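Asks: Line by line, the protein sequences are chains A and B.
Per full-length UniProt numbering, residue 1 is the first one in the first sequence, and the count goes up by one each step.
Per full-length UniProt numbering, residue 1 is the first one in the second sequence, and the count goes up by one each step.
Just so you know, the hints here were simulated from the structure itself, not pulled from any lab data.
A couple of the hints might just be wrong.
Restraint-style ranges between C-beta atoms, simulated for each label pair [as the list claims (entries may be wrong)]: (1) A:Ser53 with B:His225: 47 to 57 Å; (2) A:Thr142 with B:Pro84: 31 to 41 Å; (3) A:Pro109 with B:Glu144: 50 to 60 Å; (4) A:Asp34 with B:Lys38: 51 to 61 Å; (5) B:Lys38 with A:Leu33: 46 to 56 Å; (6) A:Lys169 with B:Glu44: 24 to 34 Å; (7) B:Glu172 with A:Ser53: 49 to 59 Å; (8) B:Thr227 with A:Ala156: 37 to 47 Å; (9) A:Ile129 with B:Gln171: 50 to 60 Å; (10) A:Lys169 with B:Pro84: 23 to 33 Å; (11) A:Leu33 with B:Glu44: 50 to 60 Å; (12) B:Gly140 with A:Gly149: 25 to 35 Å; (13) B:Lys169 with A:Leu33: 49 to 59 Å; (14) B:Gln210 with A:Asn82: 49 to 59 Å.
Quantities reported herein were computed from a predicted structural model and do not represent experimental measurements.
Here a beta-carbon is modelled for each residue, glycine too, at the ideal position from N, C-alpha and C.
2 protein chains.
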Amino acid sequence: MTRILYSLCGADESRPFSPHCWKVVLALRHKGLDFIEKPTPFTEIPALENGFSKTVPILRDGNELIRDSFDIALYLEETYPNRPTLFGGEGGKALSRFVERFSQTIIHPAVTNIAVADIHDMLGETDRIYFRKSREAFLGRTLEEMRAGRDEAIAAFAAKLEPVRQTLKYQEFIGGDGPLFADYILFGALQWMRVTTGVKVFADDDPVGQWFERCLDLHDGVGRHVTAA
Amino acid sequence: MTRILYSLCGADESRPFSPHCWKVVLALRHKGLDFIEKPTPFTEIPALENGFSKTVPILRDGNELIRDSFDIALYLEETYPNRPTLFGGEGGKALSRFVERFSQTIIHPAVTNIAVADIHDMLGETDRIYFRKSREAFLGRTLEEMRAGRDEAIAAFAAKLEPVRQTLKYQEFIGGDGPLFADYILFGALQWMRVTTGVKVFADDDPVGQWFERCLDLHDGVGRHVTAA
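Chain A on its own, in the form it takes in the complex:
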């Protein structure tokens, strides 16, 4: 059976950077499932699998096609129930959605403020045109204006993770003693920033930075294997 994860890359396909695709990479490895990753530039995504989705991740699992990182995680949990759980039960499933929405509304904009101009610079020519136009329209600022605010955004970043920092006083992972999909959700956001910018946002003794390092080591260091910018 062929299992393919379509993910996102810039000009260098060895450095996939999408936060949502990283969530799925860790989820697949968590379940112990083999897969082939096919990093794809932004503007080639709409043609994948006969136009199945405008965005990645897309997972082909034999005859099944699934899009959206959370839906893929739910699919994996349902389809492979005897492998390690991604949610730890129905409560964990529901509350993972809250973690996703926290990451999406608070952490993703903070990463964007730091990384958006760097992401642009990683892309191939065709993607750059698409990316600049769509992101500048969304942000209401030019990439150059975003870059000018980068240092300020870096300084403000770590504080946004305060709920995570405090959670880690009680447990090694957001999911408890070991990682769950909730960890991969937040890992995805930080890995996106790491691969695209390489900036240091956490003090050495920050529990959030230490947790991120633990996540980089998970599943044979699949996250660490892709180098930081």
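Given the coordinates of chain A, work out where chain B should sit on it, guided by the hints.
Replies: Structure of chain B alone, referenced to chain A:
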């Protein structure tokens, strides 16, 4: 067997307002457990149960004494496993801690900005002295300065719940189809504000306000039964 919840009140003991105690009230009702609530002024808490805890909630469950709302919820889940679950499994337990830390670091300070002067005014004479001194030291501002910033704090409040708002696009409760302890955690914060201030912070069509109304109706309307300020 005697089950007693020691909670917090001001001069009027019919209007307990502590967010942490409200979490436990809902958790006990969720488990279908009878209890006597004993609302207690701030300065009388240290004498409860031979000085067992400086803060409420304190739960006496027969011969057991437990403090701290999260620890009480864990105790109830372990002690009464055959009654409705508060966590929905181990994943839900771990991620509820994240919801608690979100509430504590983002929502509680926002409620404090709105409510702290009103809370003072609800207290008896002895408590007022303790409360003003401890809160002004903690906040670095006088209660009068806090009151002056109240309208601004009200206007800024609803946006802080954005991760909750987005979660409610997917499910009726933070815990999924029905409420879990995670709902009671955030309910506690909003009920604290409702009982002490009565201010309207949500637009009528705000899904967060609608969820809070659903929570007020839970368990025979135990939350709604205490009137807003």
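Asks: Run the structure past the numbered hints and jot down the numbers of the failing ones, going up.
Replies: 2, 3, 7, 9, 13 and 14
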